[in-house]
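So the chains spell out like this:
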Amino acid sequence: MTTLFERYLHAVGEALPKDVVAADVTAEIADDLHSRAEEREAELGRELTDEEAAAILREYGDPRVVAARYGRVQSLIGPELLPYYWSTLTLALVVVVALELVVGGISAIVRADGLRFFSALDVAVHSLVWVFTIVTVIFAAAERVPQGRQRLARVMRWDPRALAAPSALPPVARSSSLAEFIANTLALLVLLDARGAHRVPLDRLVATMLSDLHLTLTVAWQPALVGTAVGAALVAIAAMIAFLRPQAAVVHEMLRMLGSVVAIVGLAMTLASGPLFDPGGGIATTIGYVTLGAAIAVLAVQAVLSVRALLVRAPMPTPKSARG
Amino acid sequence: MSDSLFENLRLELRRGCLTLAVLANLRTERYGYTLRKALEEAGLEMDEGTLYPLLRRLEGQGLLASEWREENKRRKRFYRLTPDGERMFDHLAAELQRINASLERIIAEAHA
Numbered sequence: 001m002t003t004l005f006e007r008y009l010h011a012v013g014e015a016l017p018k019d020v021v022a023a024d025v026t027a028e029i030a031d032d033l034h035s036r037a038e039e040r041e042a043e044l045g046r047e048l049t050d051e052e053a054a055a056i057l058r059e060y061g062d063p064r065v066v067a068a069r070y071g072r073v074q075s076l077i078g079p080e081l082l083p084y085y086w087s088t089l090t091l092a093l094v095v096v097v098a099l100e101l102v103v104g105g106i107s108a109i110v111r112a113d114g115l116r117f118f119s120a121l122d123v124a125v126h127s128l129v130w131v132f133t134i135v136t137v138i139f140a141a142a143e144r145v146p147q148g149r150q151r152l153a154r155v156m157r158w159d160p161r162a163l164a165a166p167s168a169l170p171p172v173a174r175s176s177s178l179a180e181f182i183a184n185t186l187a188l189l190v191l192l193d194a195r196g197a198h199r200v201p202l203d204r205l206v207a208t209m210l211s212d213l214h215l216t217l218t219v220a221w222q223p224a225l226v227g228t229a230v231g232a233a234l235v236a237i238a239a240m241i242a243f244l245r246p247q248a249a250v251v252h253e254m255l256r257m258l259g260s261v262v263a264i265v266g267l268a269m270t271l272a273s274g275p276l277f278d279p280g281g282g283i284a285t286t287i288g289y290v291t292l293g294a295a296i297a298v299l300a301v302q303a304v305l306s307v308r309a310l311l312v313r314a315p316m317p318t319p320k321s322a323r324g
Numbered sequence: 325m326s327d328s329l330f331e332n333l334r335l336e337l338r339r340g341c342l343t344l345a346v347l348a349n350l351r352t353e354r355y356g357y358t359l360r361k362a363l364e365e366a367g368l369e370m371d372e373g374t375l376y377p378l379l380r381r382l383e384g385q386g387l388l389a390s391e392w393r394e395e396n397k398r399r400k401r402f403y404r405l406t407p408d409g410e411r412m413f414d415h416l417a418a419e420l421q422r423i424n425a426s427l428e429r430i431i432a433e434a435h436a
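First to last, the protein sequences are chains A and B. Heads up: the first sequence begins at 1 in my numbering, then just goes up one per residue. Heads up: the second sequence begins at 325 in my numbering, then just goes up one per residue.
Next comes chain A alone, as it looks inside the complex (with noise of 0.2 angstroms):
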């Protein structure tokens, strides 16, 4: 029986906290222990089995967990920094995410790759564990230093009047902004592969029917191709933010616009600057102006709702009792 506490408490004060004097604990321990046994030593009339003093241990609990108790910090990231550690998360989760895309995206349009971008993807995910990583660490470590709740919460202080007024908008879905985001970067993946990578093969079907038609691409559709994989991407940030975050419905619509004012821009330059095949003129040149001309309008309708739909405020709710 002996042999049996002695290790028990032995795993005991190896699990205890770093700033507790683990003799004095363990010491307590002990003695409440033995006095148990010799209670109910009293009680059998003989002395306990190994088995009998297991089940004062088992009773005891875990000792890493009854070690635990005697520790300041009771949890990684206590309920005062939670909702700090969750918005801090988020936003950097997607910051850091939507800069290494839109980086891949231009590097591989300017260097006509599409496998950048799928790099840029295997990077992002690496970021993606090194951010919780780094996010987590910050906020354990403020949990667990002299004044460093205080501190972090400082850092993160809020303004009652910087508070935004409630937006009309109702949360983005779920369902619909991880659509979003699957038809946008599908778009973009074969934006960026079209100009001439050909590894998709929508784009081979492409070139097979021009080669067929004696035409080949101008350098006027670049900046059309640019403006809409950027527009692209912005609006898959947008439909990733929505996706995390529903309530954030003002945001995702600014991005949404934002995207699609990128891509008009982009299909007008090209609009304007000039043949859009070799040889030019014809049919497929008018097909394409029309195309060009359609994508415009279609974008054009896209942003005005969009500036529609953060224009119109709810009223601030006013009760009486805050006039005063």
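Hints listed in this document are in silico derivations from the structure and should not be mistaken for laboratory results. Please note: incorrect hints may appear among the correct ones.
Claimed, not checked - The following residues of chain A were derived to be distant from chain B, with all beta-carbon distances above 10 angstroms:
#1 Thr-3
#2 Leu-9
#3 Val-73
#4 Glu-100
#5 Val-135
#6 Arg-144
#7 Leu-152
#8 Glu-180
#9 Ile-182
#10 Ile-283
#11 Leu-305
Unchecked claim - Computed beta-carbon distance windows for the label pairs:
#12 B:Ala-389 - A:Thr-90: 46 to 56 angstroms
#13 B:Ala-366 - A:Ala-165: 54 to 64 angstroms
#14 B:Ala-389 - A:Arg-58: 27 to 37 angstroms
#15 A:Ala-42 - B:Glu-419: 37 to 47 angstroms
#16 B:Asn-424 - A:Val-95: 45 to 55 angstroms
#17 B:Leu-368 - A:Ala-11: 24 to 34 angstroms
What the hints assert, rightly or not - Partial list, derived from the structure: chain B residues whose beta carbon lies under 10 angstroms from chain A:
#18 Tyr-357
#19 Lys-361
#20 Thr-374
#21 Asn-396
We put the beta carbon where it would ideally sit given N, CA and C, even for glycine.
Let chain A serve as the given structure and place chain B on it in line with the hints.
Chain B alone, transformed into the frame defined by chain A:
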């Protein structure tokens, strides 16, 4: 009504009361095991995993003083209230009575 929910709310309700019960019991000197037995006899069972860390915290806050002494051939840690602890106990006991009086009124109204 779910039993586990009741158990959670009951624990929450008990938590502050246990501190008060410990302070009340330590106006006379006791060591951990006898303190636990005294609480148990008074109908407030408290498991040692809660009691000992609580004693340590209260000591750290200056409300309790402890001393190691030998009794029945074993070293035991005896606790008792410090003067600060006595004052704190008086304040908390008065506060509990105030809360109880309010609650009784509120509960009586709810039943009415």
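Verification of the hints:
1. Thr-3: Non-interface label on Thr-3 of chain A holds, nearest chain B Cβ at 18 angstroms vs cutoff 10 angstroms.
2. Leu-9: At roughly 13 angstroms from the nearest Cβ of chain B, Leu-9 of chain A sits farther out than 10 angstroms, so the non-interface label holds.
3. Val-73: holds (13 angstroms)
4. Glu-100: holds (43 angstroms)
5. Val-135: holds (30 angstroms)
6. Arg-144: With a cut-off of 10 angstroms, Arg-144 of chain A remains clear of chain B, as the shortest Cβ separation is near 17 angstroms.
7. Leu-152: Given that every Cβ of chain B is farther than 10 angstroms from that of Leu-152 of chain A, nearest at about 24 angstroms, it holds.
8. Glu-180: holds (39 angstroms)
9. Ile-182: Since the minimum Cβ distance to chain B is about 40 angstroms, Ile-182 of chain A lies beyond 10 angstroms and the statement holds.
10. Ile-283: holds (72 angstroms)
11. Leu-305: Holds, since 46 angstroms exceeds 10 angstroms.
12. B:Ala-389 - A:Thr-90: 46 to 56 angstroms: At 48 angstroms between Cβs, range holds.
13. B:Ala-366 - A:Ala-165: 54 to 64 angstroms: Given a distance of about 56 angstroms, which is inside 54 to 64 angstroms, the answer is holds.
14. B:Ala-389 - A:Arg-58: 27 to 37 angstroms: At 33 angstroms between Cβs, range holds.
15. A:Ala-42 - B:Glu-419: 37 to 47 angstroms: holds (41 angstroms)
16. B:Asn-424 - A:Val-95: 45 to 55 angstroms: Given a distance of about 52 angstroms, which is inside 45 to 55 angstroms, the answer is holds.
17. B:Leu-368 - A:Ala-11: 24 to 34 angstroms: Since Leu-368 of chain B and Ala-11 of chain A have Cβ atoms about 29 angstroms apart, the given range 24 to 34 angstroms holds.
18. Tyr-357: holds (4 angstroms)
19. Lys-361: Holds, because the Cβ-Cβ distance from Lys-361 of chain B to chain A comes to roughly 9 angstroms (cut-off 10 angstroms).
20. Thr-374: holds (7 angstroms)
21. Asn-396: Result: holds, 9 angstroms to nearest chain A Cβ.
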